[in-house]
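Colleague: Sequence:
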Amino acid sequence: MARPRDSRLLSPQPRPISRKGWIVLATALACLAVVATFVITNYEREGGTRVQGGSGIIEEPGVSITVQATGLDPRTNTATVELVFAGNGPDDFDENGRARANTRVLVSTPDGVQEFKYVAGDELGRAVVSFAVQGQEADYPFDHFEGTLFFSADTYSKQSDGSLESTKDLPVSLNARGGIDGWNTGAELTAGSSLVGMADLTFSRAFSTKLFAIMLLTLMASLAFAALWVALLVFTNRRAAEVALLGWTASLLFALPLLRNSMPNGPPIGASIDIFVFLWVLATAIVSAVMVVISYLRQKGAALDAERERERFDAT
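Per the working numbering, the very first residue in the sequence shown carries number 15; after that it's consecutive.
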């Protein structure tokens, strides 16, 4: 006689939710609410720039520089920032921020020094600077990049031979704002004003990118494990090998690479996630598909042999 649990599995029937079922449902909803709050809170915080130091909102005499990260290419280890220059102080700039003397701003990056010149009477403007950053995209989704910029400013005069001679060093003050979509930016700036300002910029993947990457990896691993579990049951003759199983295990071989390539801003093949996760997931799916095919052939072969024996017995 079958156990009560087995009989319910063989013939499911509609029935009201029990008290235990309501408790499990309420617990699941409470856990879902906690997880949703955690995800939404972290999502709202991502994509901006976390600033440490800088000059705040006070316009100090000299050249004020606002740093805004606008792009990051992890494949070339290159970051792009937009710099907004503004002149302050009655000695070197008028009330409209126009330079009283020829002024230049120097930006030192790991790739070299870039100069931005403004003649007397001009208002300081904007500049876009690309520079090298250090980091490894292979660590996706936990890759981290960083780079440092140095700023200085002075007034200059042009000599008869065409060379430029610095006439006065100007203090610089730094601020940072904005951010890059899909990245969290950190900016550690020189506090107050100084003759040389430093901006240490760091970039890390946004929370949503990490979340979806981890979920896709978990999904791939779960599908591969499920396929292997079913394949083992079929291979050991604990379940029947059906045609649908052949299609399901074979489709995983095409679905898993698509899931891998659908990761947000995912790296090319060869990243650490491929060595530690995807390689083994794909290998498991291949082994599972082969086991199901072998099991199908064995069971169908045995069925054909049994049918042949019955026909031979009936004929005699």
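A few of these clues could be false.
[Claimed, not checked] When the alpha-carbon atoms are kept at most 25 angstroms apart in a straight line, the in silico PhoX-like pairs for lysine-lysine are as follows:
hint, residue 1, residue 2
1, Lys131, Lys182
2, Lys172, Lys182
3, Lys224, Lys182
[Stated by the list, open to error] Quick list of simulated restraints, FRET-style, between CB atoms:
hint, residue 1, residue 2, range
4, Glu96, Thr181, 36 to 46 angstroms
5, Arg191, Gln128, 12 to 22 angstroms
6, Gly284, Thr181, 50 to 60 angstroms
7, Arg191, Asp153, 22 to 32 angstroms
8, Phe268, Gln148, 33 to 43 angstroms
9, Lys131, Thr162, 49 to 59 angstroms
10, Leu46, Leu247, 45 to 55 angstroms
11, Ala205, Ala235, 21 to 31 angstroms
By construction, these hints were calculated from the structure, which means they are not laboratory data.
From the three backbone atoms N, C-alpha and C, an ideal C-beta is built for every residue, glycine too.
Colleague: Which numbered conditions among the earlier hints are violated in the structure presented, ordered from lowest to highest?
Modeller: 3, 4, 9, 10 and 11
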